[in-house]
Amino acid sequence: MADVHETNRKRREKIFYGLAVLVLFFLPFFIPYKALGSQILIFMLFAMGYDICLGYAGMLSFGHAAFFGMGAYVTGLLILHQNANILVAIFAGVLCSALLAFPVGYTAIRRRGIYFAMVTLAYAQMFYFIAFKWTSLTGGDDGLQGIPRPDFFGISLQSETRVYYFILGFLLIAILFAFRVVHSPFGHALVSIRESEQRAQSIGFNPARFKLLAFVISASLCGLAGSLYCILQNFVPLKTLHWSISGDIVMMTILGGMGTLVGPLFGGMFVVLVREVLSTYTHLWALIMGVSFIVIVLVFRKGVIGELKKRAVI
Amino acid sequence: MVLSPNRRFQGLGPDESLMNTTTLIMMLFNGLVFGSYLVLLSLGLSIIFGMLGVVNFAQGALYMLGAYAGYTCLLFGLNFWLALLVAPLVVAFIAMLAERFLIRHLYKEADIYVVLLTFGLMLVFEEVVRLIFGDLGRPIAVPDLLSGVVNLGFMYYPKYRLFIIGVTALCAFGTWWFLIRTKLGSIIRAGTDDSEMVDALGIHISRIYTGVFAFGAGLAGLAGILAGPLQEVTPLMGNEILIQIFVVVVIGGLGSIAGSIVAGLLIGEIITLGVLFWPTAAMTSIYVLMAVVLLVRPRGFFGRVGFHE
Amino acid sequence: MKKSIETGTIKAQKEKKVIGKEKKPSIITRRDFIKTAAITGAVTAVAPHIWIKPAWASDPLKIGVMIDMSKAYAFLNKQDLVGIKLAVEDAGGKALGKPIQVIARDHRLDPGIANEKAKELYEKEKVDVIIDVPQSACSLAVNEQSRRYKRLFISVDSGTTVQTGEKCNYYGFDWGYDNYMLATAGGLWAAENLGKKWYAITADYAWGHDLLKNFRAAVEKKGGKIIGNDMVALGTSDFSPYMIKALNSGADVLVLLNAGADTVNSTKAANEFGLKKKMSILHALMFTANIKAAGVNVYEGDYATVSWYWKSQNPGVKSYVDRFKKAMKGSPPHWLTAANYSATLQFIKAVQRAGSKDPDKIIEQLEGHEFRDMFANPGYIYKENHQAINDALIVKCKSQKEITEPWDYFEIVGKVPAKQAYQTPAQSGCKMKRPA
Numbered sequence: 002m003a004d005v006h007e008t009n010r011k012r013r014e015k016i017f018y019g020l021a022v023l024v025l026f027f028l029p030f031f032i033p034y035k036a037l038g039s040q041i042l043i044f045m046l047f048a049m050g051y052d053i054c055l056g057y058a059g060m061l062s063f064g065h066a067a068f069f070g071m072g073a074y075v076t077g078l079l080i081l082h083q084n085a086n087i088l089v090a091i092f093a094g095v096l097c098s099a100l101l102a103f104p105v106g107y108t109a110i111r112r113r114g115i116y117f118a119m120v121t122l123a124y125a126q127m128f129y130f131i132a133f134k135w136t137s138l139t140g141g142d143d144g145l146q147g148i149p150r151p152d153f154f155g156i157s158l159q160s161e162t163r164v165y166y167f168i169l170g171f172l173l174i175a176i177l178f179a180f181r182v183v184h185s186p187f188g189h190a191l192v193s194i195r196e197s198e199q200r201a202q203s204i205g206f207n208p209a210r211f212k213l214l215a216f217v218i219s220a221s222l223c224g225l226a227g228s229l230y231c232i233l234q235n236f237v238p239l240k241t242l243h244w245s246i247s248g249d250i251v252m253m254t255i256l257g258g259m260g261t262l263v264g265p266l267f268g269g270m271f272v273v274l275v276r277e278v279l280s281t282y283t284h285l286w287a288l289i290m291g292v293s294f295i296v297i298v299l300v301f302r303k304g305v306i307g308e309l310k311k312r313a314v315i
Numbered sequence: 152m153v154l155s156p157n158r159r160f161q162g163l164g165p166d167e168s169l170m171n172t173t174t175l176i177m178m179l180f181n182g183l184v185f186g187s188y189l190v191l192l193s194l195g196l197s198i199i200f201g202m203l204g205v206v207n208f209a210q211g212a213l214y215m216l217g218a219y220a221g222y223t224c225l226l227f228g229l230n231f232w233l234a235l236l237v238a239p240l241v242v243a244f245i246a247m248l249a250e251r252f253l254i255r256h257l258y259k260e261a262d263i264y265v266v267l268l269t270f271g272l273m274l275v276f277e278e279v280v281r282l283i284f285g286d287l288g289r290p291i292a293v294p295d296l297l298s299g300v301v302n303l304g305f306m307y308y309p310k311y312r313l314f315i316i317g318v319t320a321l322c323a324f325g326t327w328w329f330l331i332r333t334k335l336g337s338i339i340r341a342g343t344d345d346s347e348m349v350d351a352l353g354i355h356i357s358r359i360y361t362g363v364f365a366f367g368a369g370l371a372g373l374a375g376i377l378a379g380p381l382q383e384v385t386p387l388m389g390n391e392i393l394i395q396i397f398v399v400v401v402i403g404g405l406g407s408i409a410g411s412i413v414a415g416l417l418i419g420e421i422i423t424l425g426v427l428f429w430p431t432a433a434m435t436s437i438y439v440l441m442a443v444v445l446l447v448r449p450r451g452f453f454g455r456v457g458f459h460e
Numbered sequence: 091m092k093k094s095i096e097t098g099t100i101k102a103q104k105e106k107k108v109i110g111k112e113k114k115p116s117i118i119t120r121r122d123f124i125k126t127a128a129i130t131g132a133v134t135a136v137a138p139h140i141w142i143k144p145a146w147a148s149d150p151l152k153i154g155v156m157i158d159m160s161k162a163y164a165f166l167n168k169q170d171l172v173g174i175k176l177a178v179e180d181a182g183g184k185a186l187g188k189p190i191q192v193i194a195r196d197h198r199l200d201p202g203i204a205n206e207k208a209k210e211l212y213e214k215e216k217v218d219v220i221i222d223v224p225q226s227a228c229s230l231a232v233n234e235q236s237r238r239y240k241r242l243f244i245s246v247d248s249g250t251t252v253q254t255g256e257k258c259n260y261y262g263f264d265w266g267y268d269n270y271m272l273a274t275a276g277g278l279w280a281a282e283n284l285g286k287k288w289y290a291i292t293a294d295y296a297w298g299h300d301l302l303k304n305f306r307a308a309v310e311k312k313g314g315k316i317i318g319n320d321m322v323a324l325g326t327s328d329f330s331p332y333m334i335k336a337l338n339s340g341a342d343v344l345v346l347l348n349a350g351a352d353t354v355n356s357t358k359a360a361n362e363f364g365l366k367k368k369m370s371i372l373h374a375l376m377f378t379a380n381i382k383a384a385g386v387n388v389y390e391g392d393y394a395t396v397s398w399y400w401k402s403q404n405p406g407v408k409s410y411v412d413r414f415k416k417a418m419k420g421s422p423p424h425w426l427t428a429a430n431y432s433a434t435l436q437f438i439k440a441v442q443r444a445g446s447k448d449p450d451k452i453i454e455q456l457e458g459h460e461f462r463d464m465f466a467n468p469g470y471i472y473k474e475n476h477q478a479i480n481d482a483l484i485v486k487c488k489s490q491k492e493i494t495e496p497w498d499y500f501e502i503v504g505k506v507p508a509k510q511a512y513q514t515p516a517q518s519g520c521k522m523k524r525p526a
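Protein chains in written order, with this note's numbering: chain A, 2 to 315; chain B, 152 to 460; chain C, 91 to 526.
Among the clues, some could well be false.
With a straight-line Cα cutoff of 16 Å, these simulated EDC-like cross-link-like pairs (lysine to aspartate or glutamate) come out [stated by the list, open to error]:
#1 LYS509(C) with GLU454(C)
#2 LYS401(C) with GLU282(C)
#3 LYS310(B) with GLU362(C)
#4 LYS161(C) with ASP286(B)
#5 LYS303(A) with ASP262(B)
#6 LYS439(C) with GLU474(C)
#7 LYS488(C) with GLU474(C)
#8 LYS315(C) with GLU282(C)
#9 LYS216(C) with GLU161(A)
#10 LYS168(C) with ASP286(B)
#11 LYS303(A) with GLU260(B)
#12 LYS382(C) with ASP286(B)
#13 LYS214(C) with GLU198(A)
#14 LYS401(C) with GLU492(C)
#15 LYS366(C) with ASP342(C)
#16 LYS152(C) with GLU213(C)
#17 LYS240(A) with GLU391(B)
#18 LYS415(C) with GLU495(C)
#19 LYS214(C) with GLU277(A)
What the hints contain is simulated information worked out from the structure, not anything from laboratory work.
Note that the structure is a prediction, hence the values are computed from the model and not measured.
With the hints as constraints, model all of the structure from the sequences given.
The following block contains the structure:
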């Protein structure tokens, strides 16, 4: 009967997650350098946040770099110019990303599906351009340089190891939050809207409102990733707003498996690691990634984690 | 901390007296030139969308391929006129292969997968070109017959730019005529509305899909080789213009020929004139316009209600 | 899942964000949450404060090189690496009794990656210096890491004056050129020799604005004036309106304050509108590779400022160029490659003079040091802001018939002495924080 398989599957799932958590806790000790680990965590968070928009709300956004960048710049500016407390700076970054998501989402959601992709891309490009020109605020092309790393309630975060665990803490909280959202009635309603907007509407849901809220939640998580990125890097490059970052996130999410939350986490780690390793061995790495992406979209549409789930492995 | 947008360098703005009517008219023509690329590219994008429901994220990359195909033709000793013919065909051929062997498999899946595939194709095209040709720009020379200026009576204007406007007008008219006036064109338009019916009539809809995709790509390739002599040919030359044609089709209405043409020229003029008068805001103005259109008339000026929404 | 949808809209909307009380398929409970938070907090607090142990003193001298190996500057930067390796060779290949190691990293012109690689190089590879790092934003990022890790950094391929000014760093040095030098040397020479009335076309961002400011100062010093300027957005492909205005202005000199694609497009437009018959064109930044890419006839007759040219008469140049050509299949080194060579050579010599890898002792040897090598004859390093200065050369792009051998695109037509070309430390605004 299905029950035995289901029990086994649940067991495998628990083992998988347990292992994953272990890996995250001990990652700094077996990767080449700790800053890489922190970067992995940040992109895992970014991709997972993005999945709420793509995988659960079914909206293909190509503009999430705007939220990542917004989080990074706001946090950076507060630390650099106002000597803000680290938590205040991070919170402000998240808040501003969320606020930005309202007008962007409101106009973009009016066009569904692929129109949405184009529109979000265009918006992101606009923000990139604004940041580029507003040199006095953002540093323009040079980016926001020389941001010190504040202490966390008296604990110094200068060590790359310490800051890794600091970021890990946020990632874990974010994961728990995302899981709660996705498995709540709100999350279920979102999925039903994604499956068939007409049907959901006939039941009485207002799809636009749900999608907008999902978009804002997604933007907030991506903004958090940006804020943490700023703290890790001690500076905010203009690149954080560039649409190639949006493209990267799409790749990570699809590769890992959209609509699973865990998939993008995996995808984020995988892509950052592979990129790092590949680029030291061959200059064909970008081509390999592009071709792999095409293969995934054609054949393994559900991504690694998605396929594993489909086959009830985990 | 200064919280004001960067102002133009004080005291050294363009000298007002140098900006006379001739310059203005010249800029209007330049806007038409830039608009021409946008028209060709968005026409291709619109037609592909209208027929296949696909937003071709690789349209900018195909434009870039057109320029490189032209460059390669010239390398092999072909003259510019032959290259002008061959380059779009090469790009159309590449697109045909992509459609037949890759994109086709995803039609029955959710829309976003095809978009993602074209996005992946864009990445791959750029990388392949970079690996073959490197990152440095490649030169394409203006053909001798078209170099120099022509006396229009009220001003002198480069011949080659007029040529671009002319070719684009021809293509746009030709495309319209083909789709509206010919039998094959009406089949294509019918297929847009109801592909099953067309299939039931015994017409190979899949071949039409391929043909339309190749045609849309060919237009992009043509734009690429036309643009080649006037700007640097690099692997990334398609990226910025891709975003601009997205703005064009949102404003004009995705799937509409008239929309692509009108909006393409409009955006071309806005960017060209805007950059001259108000460089800081010129680029952002088109996105603001896009946002306004989305709020006021989401389907675009010429878009049809409920069309592939 | 189906249950909650069929229950109705009001309940669903109310429970939108409420943590549900019903049974969910989620495996995460509130207890897990608290556990996780506690563990994370504890680990963060007690995580070993891993700093770089000074036990690297006995390792061989390691030179980290960060360049672009896969993007727009790849062609130019790969040459830099060859130049650096030749410098190691010329220094004897050894320092303090051990062979010198060169470790190269690709930053892909991305400041975020540059930041990462700097941390990797300083922390994992434990390099004693990072050399090069093209592109100003990348260079500034590495400058910060150099300050944090207290290790040497010699920036070569980047023009920003911020590095030896506002963000000057005790452990950082700048070599080869900067924006001030390009503008000042070019401005001084051209205002004297090409004409007093100038028209400028400026790339509308920080770099362009900076150059314009410095050019104006230099031109006015020689009694000239910039009579018109256009700010042009990056990536503009159509420069025709600006060319018309420049033509109508009656200027003697057109100065193009842009780089890369913008330079190509603007110069092509200048040709198209016959500007070269009426005025001279001066470029802000130019490499022989640009000419190879766009074609000799595009740049013919134009002027530019460089720090060195492979046909320069400095002692040691010929042998360097010959060895370089052998390694690079015929292409001679461009001027920043020579700057990298010089930076590496002088660094190694400073280490040898100091007799130690201690950054403070090496810095002591470099500050205020005058040196002569095939790049700078002479060169000098300011103590106050760690700027290495050298004479600037003004070159003119040859026409097709003047070119006698491959890659010989330039003709040296003038020279501006180092002290005139570069800022004085006081002008740079550097307030260097020295260790106690």
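These are the hints, each one checked on the structure:
For the given pair, LYS509(C) sits about 21 Å from GLU454(C) by alpha-carbon distance, which is inconsistent with the 16 Å threshold. Proximity of LYS401(C) to GLU282(C) is assessed by CA-CA distance (about 24 Å); at most 16 Å being required, the pair is judged violated. For the suggested pair LYS310(B) and GLU362(C), the alpha carbons sit about 11 Å apart, so the restraint of at most 16 Å is met. Straight-line distance between C-alpha atoms of LYS161(C) and ASP286(B) comes to about 6 Å, which keeps the hinted pair within the 16 Å bound.
For the proposed pair LYS303(A) and ASP262(B), the alpha carbon gap of about 15 Å is at most 16 Å, so the pair holds. Between LYS439(C) and GLU474(C), the direct Cα distance comes to roughly 21 Å. Violation of the 16 Å bound is thereby established for this hinted pair. Proposed proximity of LYS488(C) and GLU474(C) is contradicted: the alpha carbons are some 39 Å apart, above 16 Å. Taking the CA atoms of LYS315(C) and GLU282(C), the gap is about 12 Å. The hint holds against a cut of 16 Å.
This hinted pair checks out: LYS216(C) and GLU161(A) have alpha carbons roughly 15 Å apart, not beyond 16 Å. For the proposed pair LYS168(C) and ASP286(B), the alpha carbon gap of about 13 Å is at most 16 Å, so the pair holds. Of the pairs offered as hints, the one joining LYS303(A) and GLU260(B) holds, with about 12 Å between alpha carbons and a cut-off of 16 Å not exceeded. Restraint check for LYS382(C) and ASP286(B): satisfied, since their Cα atoms lie roughly 13 Å apart, inside the 16 Å limit.
Restraint check: the Cα-Cα separation between LYS214(C) and GLU198(A) comes to about 52 Å, which exceeds 16 Å; the hinted pair is violated. Among the hinted pairs, LYS401(C) with GLU492(C) is consistent with the structure: their alpha-carbon atoms are about 14 Å apart, no more than 16 Å. With a C-alpha separation of about 10 Å, the suggested pairing of LYS366(C) with ASP342(C) holds against the 16 Å cut-off. Restraint check for LYS152(C) and GLU213(C): the C-alpha separation of about 12 Å stays at or below 16 Å, so the hint holds.
A hinted pair counts as satisfied when its Cα atoms are at most 16 Å apart, and LYS240(A) with GLU391(B) qualifies at roughly 15 Å. Taking the CA atoms of LYS415(C) and GLU495(C), the gap is about 13 Å. The hint holds against a cut of 16 Å. The suggested pairing of LYS214(C) with GLU277(A) holds, with an alpha-carbon distance near 15 Å, which does not exceed 16 Å.
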